[in-house]
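Number of protein chains: 2
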Amino acid sequence: MRALLLAAAASLSFAHAQGIPEDVKETADMLMRAGLEDRVGYETVEDLTTEVGARLGGSEAEARARDWAVEHLKELGFTDVRVEEFTMPYWERRYEYAAIESPFPQELEIIALGNSVGTPKGGLSGEVVRFETLDDLIEAPMDDALKGKIVFVDEGMTRTQDGSGYGVAVRKRSGAANEGSKRGAIAALIRSVGTDKHRFPHTGGMRYAEDVEPIPTAALSFPDAEQLTRALERGSVKVGLDLAVKTKRQVTSGNVIADIKGQTDEIVVIGGHLDSWDLGTGAVDDGAGIGITTGAAKLILDHIEETGEQPLRTIRLIYWGAEEVGLLGAQAYAEQHADEMDKHAFAAESDFGARKIWKLDTRFGEDKLGLAREMVRVLLPLGVAPGNNMATGGPDVTPLRARGVPVVTPRQNGWDYFDLHHTADDTFDKIDPDELAQNVAVYAAMTWMAANTPGGFRAEPAATASE
Amino acid sequence: MRALLLAAAASLSFAHAQGIPEDVKETADMLMRAGLEDRVGYETVEDLTTEVGARLGGSEAEARARDWAVEHLKELGFTDVRVEEFTMPYWERRYEYAAIESPFPQELEIIALGNSVGTPKGGLSGEVVRFETLDDLIEAPMDDALKGKIVFVDEGMTRTQDGSGYGVAVRKRSGAANEGSKRGAIAALIRSVGTDKHRFPHTGGMRYAEDVEPIPTAALSFPDAEQLTRALERGSVKVGLDLAVKTKRQVTSGNVIADIKGQTDEIVVIGGHLDSWDLGTGAVDDGAGIGITTGAAKLILDHIEETGEQPLRTIRLIYWGAEEVGLLGAQAYAEQHADEMDKHAFAAESDFGARKIWKLDTRFGEDKLGLAREMVRVLLPLGVAPGNNMATGGPDVTPLRARGVPVVTPRQNGWDYFDLHHTADDTFDKIDPDELAQNVAVYAAMTWMAANTPGGFRAEPAATASE
Ligand SMILES: [Zn+2]
Ligand SMILES: [Zn+2]
Ligand SMILES: [Zn+2]
Ligand SMILES: [Zn+2]
Chain Z
1 MRALLLAAAA SLSFAHAQGI PEDVKETADM LMRAGLEDRV GYETVEDLTT EVGARLGGSE
61 AEARARDWAV EHLKELGFTD VRVEEFTMPY WERRYEYAAI ESPFPQELEI IALGNSVGTP
121 KGGLSGEVVR FETLDDLIEA PMDDALKGKI VFVDEGMTRT QDGSGYGVAV RKRSGAANEG
181 SKRGAIAALI RSVGTDKHRF PHTGGMRYAE DVEPIPTAAL SFPDAEQLTR ALERGSVKVG
241 LDLAVKTKRQ VTSGNVIADI KGQTDEIVVI GGHLDSWDLG TGAVDDGAGI GITTGAAKLI
301 LDHIEETGEQ PLRTIRLIYW GAEEVGLLGA QAYAEQHADE MDKHAFAAES DFGARKIWKL
361 DTRFGEDKLG LAREMVRVLL PLGVAPGNNM ATGGPDVTPL RARGVPVVTP RQNGWDYFDL
421 HHTADDTFDK IDPDELAQNV AVYAAMTWMA ANTPGGFRAE PAATASE
Chain R
1 MRALLLAAAA SLSFAHAQGI PEDVKETADM LMRAGLEDRV GYETVEDLTT EVGARLGGSE
61 AEARARDWAV EHLKELGFTD VRVEEFTMPY WERRYEYAAI ESPFPQELEI IALGNSVGTP
121 KGGLSGEVVR FETLDDLIEA PMDDALKGKI VFVDEGMTRT QDGSGYGVAV RKRSGAANEG
181 SKRGAIAALI RSVGTDKHRF PHTGGMRYAE DVEPIPTAAL SFPDAEQLTR ALERGSVKVG
241 LDLAVKTKRQ VTSGNVIADI KGQTDEIVVI GGHLDSWDLG TGAVDDGAGI GITTGAAKLI
301 LDHIEETGEQ PLRTIRLIYW GAEEVGLLGA QAYAEQHADE MDKHAFAAES DFGARKIWKL
361 DTRFGEDKLG LAREMVRVLL PLGVAPGNNM ATGGPDVTPL RARGVPVVTP RQNGWDYFDL
421 HHTADDTFDK IDPDELAQNV AVYAAMTWMA ANTPGGFRAE PAATASE
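Chains as they are written, first to last, in the UniProt record's numbering: chain Z, 1 to 467; chain R, 1 to 467.
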């Protein structure tokens with residue numbers, strides 16, 4: 001296999017003078033094979049989810065996760081480890097309770113959406129008005145029909161390998177409350193944004209629009225959305241809702257950063273987010289991303305120690321803080337590192353579970369697409385196909401991408417990611433160690449190539465390009 | 001198919017003068033085919049689980065279920081419908097909370113086992129001692145090693161088609177608390193009795209042995225049992241437990257009974273249990289049994305109305321009350337009908353979900369096994385194979401069986417039954433209408449044959465047999 005790879009790579013390098021050097025590809029190939037045997041990634045997820053568990057952004061548990069992270073990284077041999085703190089507003093749930101009050105009294109499984117306001121003390125109750133989709137609610141007239149009612153947006157989510165059903169479905173997470181409130185509704189319920197049929201409501205962040213009165217909002221599990229719909233088929237339904245939250249104006253969070261120093265001042269960023277929602281132990285979201293990128297960085301660290309070979313660029317492993325609650329770690333990083341944005345040569349976040357990577361999307365300069373093809377040629381034996389050049393790079397690299405940093409998204413099989421996403425069921429036992437190791441292999445090889453390809457992945461200035 | 005059936009049946013009837021009459025088999029065959037198209041069974045489950053929801057034995061919700069049942073049966077055309085009340089002691093959960101206190105503070109998903117005592121006010125905490133199996137705990141010495149500790153019986157359950165993994169696994173539900181208490185433990189935790197890997201703890205009834213001090217006991221979900229085990233692999237673990245329950249000495253429950261009158265005073269009993277645990281809406285346990293047997297009885301009722309053909313025996317549909325909490329409806333029935341036990345000719349309860357029936361176990365007189373073979377011959381086109389003659393008949397016919405009443409168990413595919421059993425996830429959406437209809441078909445045909453086979457299924461007295 002290796003001979004084949006190198007032959008393929010060699011034939012490519014004739015066409016691309018500015019390609020990935022042969023010796024870099026050889027090391028990438030070695031890292032890839034080591035990655036498939038890796039258990040550091042898997043054990044990292046195990047340790048984080050067991051020894052910390054759930055770790056909501058800004059919470060005391062997230063602070064423990066940072067302590068755990070620093071210790072863990074030092075134990076693995078990383079020498080340049082630090083926490084970059086930032087402050088943030090804080091939201092946590094206290095409790096939520098919902099029940100059909102009439103005509104069929106029974107409890108419903110709900111979960112408050114992140115950032116929701118609470119109900120008035122003692123709860124509220126109202127007649128439920130169901131909308132098949134968010135668009136149906138958006139199209140509802142601005143009259144008194146929803147005044148004093150509870151809106152219920154029952155839109156489902158389509159299961160796809162690439163997770164593309166999420167974008168459409170997630171709009172209702174803020175949309176139900178905002179559009180409901182504009183029309184006088186007193187609360188908003190949604191069918192969970194998720195693809196499973198289990199009795200797990202899915203939480204997730206929501207934002208109130210500037211111009212609306214905030215109303216409490218929560219997600220029903222799949223069976224409960226079905227149940228409420230069946231009840232509504234039988235006539236008018238009154239639901240009671242009691243929801244309490246706690247907020248603080250300012251708490252501390254932080255990004256945990258470990259650098260593997262390069263020869264130049266350029267930086268390649270990989271990582272996952274350290275925080276999770278409060279329900280599960282954040283194994284697939286995003287313990288997996290932490291594990292995958294730590295496993296990859298550790299393989300590179302070991303290679304450097306064995307060979308003394310220093311990468312061209314610094315490889316920066318970031319455990320992003322407070323992602324779920326609004327990419328707060330990512331924003332803080334962009335501010336704290338504003339003056340070195342142009343030194344960031346490449347960035348990728350792993351934040352889509354632990355299933356196998358099946359293609360590589362990039363966002364490189366158009367004149368650097370040859371490098372994307374070369375990378376994929378190296379990763380092909382792992383089942384990684386060429387992707388498009390419209391990668392997002394992952395949520396926490398959004399501010400970097402916005403500032404022109406080249407990013408990649410190694411696309412994972414997301415077929416069942418939204419079964420677990422933001423539920424109590426997101427736990428360590430759901431992770432397949434071999435599939436996770438494939439991710440480690442891809443990240444290790446890709447990161448090494450990213451750190452050692454001369455010229456980088458940004459479009460060359462026109463002048464240079466014509467030389 | 002039908003011709004084939006009748007031919008097969010005809011050839012059999014030469015050998016058995018006391019066999020199932022041909023016209024009875026013809027009607028059974030017709031009912032069977034109608035059963036496959038039935039939707040009454042499915043809609044019965046839908047209505048019960050939607051319009052009542054969870055219905056714990058002895059609760060106000062179970063009383064509403066009885067009201068619903070009477071109305072539902074009358075709407076279907078049953079004319080002889082009644083409730084036979086009984087009184088019972090009552091237990092309900094108020095709340096439960098568990099957390100690892102040290103070294104890795106985090107909440108655990110638990111559920112109190114039915115009949116558990118609460119913790120002292122404010123909860124308790126103790127070091128956890130894990131036992132791989134209940135037998136390991138039983139074999140633990142009677143010294144002070146467990147004094148003040150929390151025992152954790154981590155025994156798993158094997159998934160099988162026939163549910164036979166349950167018998168072994170369920171012993172720990174009472175055993176952990178009883179064996180723990182004998183050794184001075186202050187609480188007992190078990191890995192849930194179930195086969196899924198989701199974060200649903202499974203509840204279920206437990207009984208304290210006479211000679212032990214009752215200690216609070218609860219089940220951990222699969223992921224939480226794994227989590228606690230991983231924590232214990234890292235050293236000593238302290239868990240806090242806060243559990244509150246409410247009990248009443250005496251409340252009212254009842255069996256709902258609908259009779260289709262026969263020509264003789266003999267009785268054929270079919271049914272399911274009306275109560276459920278308090279977590280899900282009791283769809284597979286045992287809304288399904290209610291639906292299946294109601295669908296079957298309704299087909300027979302329609303046949304009688306159309307043809308005027310009255311069955312030999314009375315067909316009695318029973319919705320048993322308070323099954324989960326100790327077969328209380330079954331016991332009350334046996335007492336209330338003590339003087340007509342010998343008139344009960346046949347009994348079966350459907351209480352194993354809604355998946356297809358794949359064989360028919362019986363408990364007939366040894367001299368009546370020919371009738372079992374004949375029944376199976378009729379049911380064969382539905383995929384029903386011959387079974388053994390050691391049927392239990394289902395939990396609520398236990399007192400009948402104990403009094404010599406012939407019983408059958410149409411064995412359902414139970415491969416995933418214990419994924420949902422006694423969890424919040426036992427909801428209507430889990431039921432496949434076509435698989436449920438196959439059950440209706442089997443029950444309709446079987447019940448008709450049971451009600452119309454001269455001589456019945458008990459062993460004949462020796463004198464009669466020699467005639
Ligand atoms: Zn994430
Ligand atoms: Zn997330
Ligand atoms: Zn049952
Ligand atoms: Zn049960």
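Think of the hints as simulated: they come from the structure by calculation, not from any bench.
Note that the coordinates shown come from a computational prediction; the quantities given were computed from them, not determined experimentally.
Where a beta carbon is used, it is the ideal one built from N, C-alpha and C, also for glycine.
There's no promise every hint is true.
As the list claims (entries may be wrong) - Between beta-carbon pairs, the in silico distance windows are:
1. R:Arg373 to Z:Thr160: 50 to 56 Å
2. R:Ala145 to Z:Trp415: 43 to 49 Å
3. Z:Glu107 to R:Pro103: 33 to 39 Å
Claimed, not checked - Computed cross-link-like contacts, BS3-like style, restricted to lysine-lysine with a CA-CA straight-line distance of at most 27 Å:
4. R:Lys197 to R:Lys74
5. R:Lys147 to R:Lys197
6. Z:Lys197 to R:Lys238
7. R:Lys197 to Z:Lys356
8. R:Lys121 to Z:Lys197
9. R:Lys121 to Z:Lys121
Unchecked claim - If we take Cβ atoms under 8 Å as the criterion, some of the chain R residues that face chain Z in the derived model are:
10. Glu109
11. Ala244
12. Lys248
*Which hint numbers doesn't this structure obey?*
Numbers 4, 5, 6, 8, 11 and 12 - these are the hints that the structure violates, sorted from lowest upward.
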